[in-house]
Amino acid sequence: MIRFLHTVFIKKRFFQIIIGIIVLFVFSYFLEILFPVTKILLFTLILITLFDYFLLYKVKNGVHGVRFTPEKLSNGDENPLRIYLENRYAFKADIEVIDEIPHQFQVRNISFSLQIQSRANKNIDYTLRPVKRGEYDFGAVNVFVSSPLGLAARRFKFSENKLVPVYPSYIQMRKYELMAISNQLTEYGIKKIRRIGHNMEFEQIKEYVQGDDVRTINWKATARKNQLMVNNFQDERSQQVYCLIDKGRMMQMPFRGMTLLDYAINASLVISNIAIKKDDKAGLITFQHKIGDVLPAGKRNNQMFRIQETLYKQKTAFKEPDFSRLYAFVKSAIRQRSLLLLFTNFESKVSLERQLRFISSLARSHVVVVIFFENTELDDLLNSEAKTVKEIYYKGIAEKFAYEKRLVVKELNMHGVHTILTKPEDLTVNTINKYLELKARGLI
Amino acid sequence: MFSTQQKRINWIRYLSSKSKLPYGTYALSEYLPELYSESVKSRSTFRELLDTLSIPENFISISQNFEPTILDIELILERASEGSNFLISAQTFGQTFADTLNLKGNYEWSERITAEYEKEFIFSISNFFKADTIHIKPENPHFTEAGNFVIRKNDQLGYFKSIDTLNTRLLATNSDKKALAIHIKKGKGSIILSSSPYLFTNIYFLYGENESFSRYLMSYLPGNNIHWTEFYEVGRGEAQSPLRYVLNQPALKFAIYSTLFSLLVFVFFEAKRRQRIIPVITAPVNATLQFVKTIGNLYFENKGHKSVAEKRYLFFLEFIRTRYFLDTNHLDDSLAERLHKKSGVSLNHIKIIFKTITHIQGQSSISSTILEKLSKDLDLFYNYTD
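Those protein sequences? They're chains U and D, same order as listed. Note that the first sequence covers residues -5 to 438 in the numbering used here. Note that the second sequence covers residues 129 to 514 in the numbering used here.
Hints may be right or wrong, so weigh each one.
[Stated by the list, open to error] Pairs of lysine-lysine residues, derived as PhoX-like cross-links and limited to a Cα-Cα distance of at most 20 Å, are as follows: (1) 126/U <-> 66/U; (2) 399/U <-> 421/D; (3) 126/U <-> 156/U; (4) 305/D <-> 265/D; (5) 66/U <-> 309/U; (6) 501/D <-> 381/U; (7) 504/D <-> 381/U; (8) 384/U <-> 400/D; (9) 6/U <-> 400/D; (10) 151/U <-> 400/D; (11) 421/D <-> 384/U; (12) 434/D <-> 384/U; (13) 384/U <-> 501/D; (14) 483/D <-> 504/D; (15) 284/U <-> 272/U; (16) 381/U <-> 434/D; (17) 307/U <-> 284/U; (18) 381/D <-> 33/U; (19) 66/U <-> 156/U; (20) 421/D <-> 381/U; (21) 381/D <-> 434/D; (22) 381/U <-> 400/D; (23) 504/D <-> 384/U.
Derived from the structure by calculation, the hints contain no laboratory data. Remember, it's a predicted structure, so these values are computed and weren't measured experimentally.
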């Protein structure tokens, strides 16, 4: 019975009409002729409403619905979701859908209104952007159905209690993976770097296109084919690419709701995938006050899966990172010259100076890229015009912080360390660029 | 059986016709229709009551204190002389009323004896009449049903003394020959005053033959109609509240009940949870802006115009280096010329900026005017190049 009562709802229209009737009753106090008419109206309203309930409850499963959720959601991306609804009533149904999406989104007004013809179906498509990894608990899809009379409503519940994990951005991974294979990365702002060095490993002979080094023209092949042919040398293979992820204090800062750590994790996933697709070996080291997870570089089939799982379960207390431990560990664990992508954040030159000697020491035996972030929160302040003296002070300080980041870049470059100073949103693209650039220049 | 602890009885003296307590008048209200075929109860003042009626009728009022207004009294006298009869029973009478009917000095009233009064509350019904009682004697030779009419001394406190025998007659006395009820003739009608209102209450009315004493007094109100007003005992009560009026009007009644009905419907069917509770999770906050403002305020407190100016032009020079790849070691005219060509900003403006910067570099402290000028020029430069 209580379960039944939980499905019974009444529409706003009922109250609008009854308020009208109440007003008429008040009028009929002054104009007695209205009184019997109003009484009839009131009883008609009640009868029609009861009839409306009869229509709604006559059919047992009047509306059928399913919510299609992906097996896992991709962190920081717009994930598509779909609600499928089927109207089995003999009338055109007015439907209001309230989806109980996981708490983490903190959205309390996700509702859709639509109409479905009798015995027809419709899909509702919408997207969700999670900003935190972890388990997400979907509640029920609440469907409130009303007939064309629009007085009564009945609730149906579907697809209750579904647990979906949010993984590091696999959507971006797929996207860039396809791009990398089909060499379309330029479309996404990935620069083509002219190769300077040469590898001696021969790959194939192909037709000459403008821009190819004329020194590589294979004259014998040209003669045979009656067309300019060039020797193609393949990239160096099986180089190690390590993502070193700082899980410390500075990585807690959120941009668009997502912490820098999660941006770094997303970028690591993408870059690892591309590295493996390019026949390099991808590995992973995370650290804060001590070394966390370590995944030795590899390129076997399940390496990508292992990287994804490791990144998914990263937890952190955002403690002060200890670069000396990182240095000691890398020194002993990574023997081969590798590309180390160090995801961290420096807000000032002073905070860099504490870590500089460890980073520059690493740079002696490896190619180190320090990746840190522009503070986009300051953009508005930097682009605004300072009107009062106080605003000039604010802007001056903001410019100082921005300036300090550039100093950090210079300082690192001086010590032979590569840097990426990027907006959090552009992190992935910039990281891929750097990787491709370093590879093309044969620096690893 | 009737122990004192057995049941607490409410001995409050409240002569309401709805009250079934010992001192209520429910019994009388049940009995009146037997005597008068047309008996009406109301809670109106005499003035309101008399205004609506035109023919002579009978009126009765039973209260502990009868205090009508001058308008009431005028109408009572007027209607009495036209033939209406009034039975007014009260322990005390209001000043104006007493003056008009010449009761002043002719009516004595003693205080209730408190000690005994307090004891009453542990009385049980059975020994109620065992206290000091007074026997009442009707003074009418035609009244043959004379029986044993009893009232407790504490409930009979007022007496009429001298009687103007021309228009006034004795109706009842106690054993000391003191008058308890008098009949005043006014024109065609009469006013009967009784100083023993409690005789009409349930406990006396139903005791022994007391009931026939009430009948005896009412025999002076001939005819078959009677109006009983309780106004002087219970006042308006709730009878005149606006809601009572509204509920008496069918249209408004429907309006009110429809409203209540729709509210109930709303509570049951609409004020329900439509989705589960979403607990509040506080998202991490990026406090960079607040941090910058705090630091800015610190500089502002110390009036560090020069250091802020330095920060601003260092950023500017860095901007020139990274955007236009120009060497900013010497802020001379050739740099200004090249910057002008690369950025499109007017040469004059650039020169002014350079001049301000050089000026600031040479000073140990600067005024806010210079800082503002520099800031304005730089912002203009950025605006132009964006």
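Hint check results:
1. 126/U <-> 66/U: holds (13 Å)
2. 399/U <-> 421/D: Satisfied, since the Cα-Cα distance of roughly 18 Å is no more than 20 Å.
3. 126/U <-> 156/U: Between residue 126/U and residue 156/U the Cα gap is close to 18 Å, so the pair holds against 20 Å.
4. 305/D <-> 265/D: holds (9 Å)
5. 66/U <-> 309/U: Distance of about 18 Å is within 20 Å: holds.
6. 501/D <-> 381/U: holds (11 Å)
7. 504/D <-> 381/U: Holds. Residue 504/D to residue 381/U sits at ~8 Å (cutoff 20 Å).
8. 384/U <-> 400/D: violated (51 Å)
9. 6/U <-> 400/D: holds (14 Å)
10. 151/U <-> 400/D: holds (15 Å)
11. 421/D <-> 384/U: Holds. Residue 421/D to residue 384/U sits at ~9 Å (cutoff 20 Å).
12. 434/D <-> 384/U: holds (14 Å)
13. 384/U <-> 501/D: Measuring from Cα to Cα gives roughly 14 Å; hence the hint holds.
14. 483/D <-> 504/D: holds (14 Å)
15. 284/U <-> 272/U: violated (31 Å)
16. 381/U <-> 434/D: Distance of about 18 Å is within 20 Å: holds.
17. 307/U <-> 284/U: holds (17 Å)
18. 381/D <-> 33/U: Given pair residue 381/D, residue 33/U holds - Cα atoms ~12 Å apart, limit 20 Å.
19. 66/U <-> 156/U: Holds: residue 66/U and residue 156/U sit about 11 Å apart, inside 20 Å.
20. 421/D <-> 381/U: holds (15 Å)
21. 381/D <-> 434/D: Since the Cα atoms of residue 381/D and residue 434/D sit roughly 80 Å apart, the hinted pair is violated (cutoff 20 Å).
22. 381/U <-> 400/D: violated (52 Å)
23. 504/D <-> 384/U: holds (13 Å)
Violated hints, in rising order: 8, 15, 21 and 22; the structure is consistent with all others.
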